[in-house]
Amino acid sequence: KAGVTQTPRYLIKTRGQQVTLSCSPISGHRSVSWYQQTPGQGLQFLFEYFSETQRNKGNFPGRFSGRQFSNSRSEMNVSTLELGDSALYLCASSSLPGGDTDTQYFGPGTRLTVL
Amino acid sequence: AQSVTQLGSHVSVSEGALVLLRCNYSSSVPPYLFWYVQYPNQGLQLLLKYTTGATLVKGINGFEAEFKKSETSFHLTKPSAHMSDAAEYFCALKGSARQLTFGSGTQLTVLP
Chain E
1 KAGVTQTPRY LIKTRGQQVT LSCSPISGHR SVSWYQQTPG QGLQFLFEYF SETQRNKGNF
61 PGRFSGRQFS NSRSEMNVST LELGDSALYL CASSSLPGGD TDTQYFGPGT RLTVL
Chain V
1 AQSVTQLGSH VSVSEGALVL LRCNYSSSVP PYLFWYVQYP NQGLQLLLKY TTGATLVKGI
61 NGFEAEFKKS ETSFHLTKPS AHMSDAAEYF CALKGSARQL TFGSGTQLTV LP
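Going down the list, the sequences are from chains E and V. Quick note, in the working numbering, the first sequence goes up one by one and the last residue is 115. Quick note, in the working numbering, the second sequence goes up one by one and the last residue is 112.
Do not take every clue at face value.
Here are the simulated DMTMM-like pairs of lysine to aspartate or glutamate, each with C-alpha atoms no more than 25 Å apart in a straight line [claimed, not checked]:
no., chain 1, residue 1, chain 2, residue 2
1, V, K69, V, E15
2, V, K49, E, E82
3, V, K49, V, E66
4, V, K58, V, E15
5, V, K68, V, E88
6, V, K58, V, D85
7, V, K68, E, D102
8, E, K57, E, E75
9, E, K13, E, D102
10, V, K58, E, E75
11, E, K57, E, E82
12, V, K69, E, D102
It is worth saying that the hints were derived from the structure and are not from the lab.
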């Protein structure tokens, strides 16, 4: 079974631009979560989607948004990019929305650099 | 609130020596605990998890961890380090919050 895939793997943008990242979950998984990883803040939760609905959201500004499609694929968008948005963005999929015995499987991440 | 503390941001061991990575947690409800490993330029790979039941959990690549409620700990061990174990290790918790809360990570270096 194929793992979680994320595209693109690397991205370079300039301040003020917007960016869209894509995540395809493991086949059959219906929940997708996004995390931001930076050297200073570590791994921080962005949001979780299940059946095209946002189920949970972390403490990030409204410039960060996401959506999920009927095939469970998910995208996240960052508008008006800032230098501090440079990070590794990780997507994780799981079969249940935050179920107690659920395990999240991570993709390889998208490395975003904002210049 | 829930939190995870990993003691030691960098740990160095000699090849063949015991690996011990420390993780302490805080949770208002019985937690589910995870260890993930991250190699350079890669995502997170699940090593092992504790949900309920047996407190000694065995994972991949010879790693294991023991859940100790009285000490609020979930330390990761491996009897004999291998060069390929060099990576960053993250302890994570799922408690009252729906999402995973991660520790700050421990970079493991294995010396020849």
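These are the hints, each one checked on the structure:
With a CA separation close to 31 Å, the supplied pair K69 of chain V and E15 of chain V exceeds the 25 Å bound. Distance restraint check for K49 of chain V and E82 of chain E: the Cα-Cα separation of roughly 36 Å exceeds the 25 Å cut-off, and the hinted pair is therefore not satisfied. Between K49 of chain V and E66 of chain V the CA atoms are separated by roughly 10 Å; this keeps the pair inside 25 Å, and the hint holds. The hinted pair formed by K58 of chain V and E15 of chain V meets the criterion: a straight-line CA distance of about 21 Å does not exceed 25 Å.
Taking the CA atoms of K68 of chain V and E88 of chain V, the gap is near 23 Å; set against the 25 Å cutoff, the hint holds. As the CA atoms of K58 of chain V and D85 of chain V are separated by approximately 16 Å, the hinted pair is consistent with the 25 Å bound. Between K68 of chain V and D102 of chain E the alpha-carbon distance is near 21 Å, which keeps this suggested pair within the 25 Å criterion. Between K57 of chain E and E75 of chain E the alpha-carbon distance is near 15 Å, which keeps this suggested pair within the 25 Å criterion.
Between K13 of chain E and D102 of chain E, the direct Cα distance comes to roughly 35 Å. Violation of the 25 Å bound is thereby established for this hinted pair. At most 25 Å may separate the alpha-carbon atoms for a hinted pair to count; K58 of chain V and E75 of chain E exceed this at roughly 34 Å. Annotation: proposed proximity of K57 of chain E to E82 of chain E holds, straight-line Cα distance about 20 Å (limit 25 Å). This hinted pair checks out: K69 of chain V and D102 of chain E have alpha carbons roughly 21 Å apart, not beyond 25 Å.
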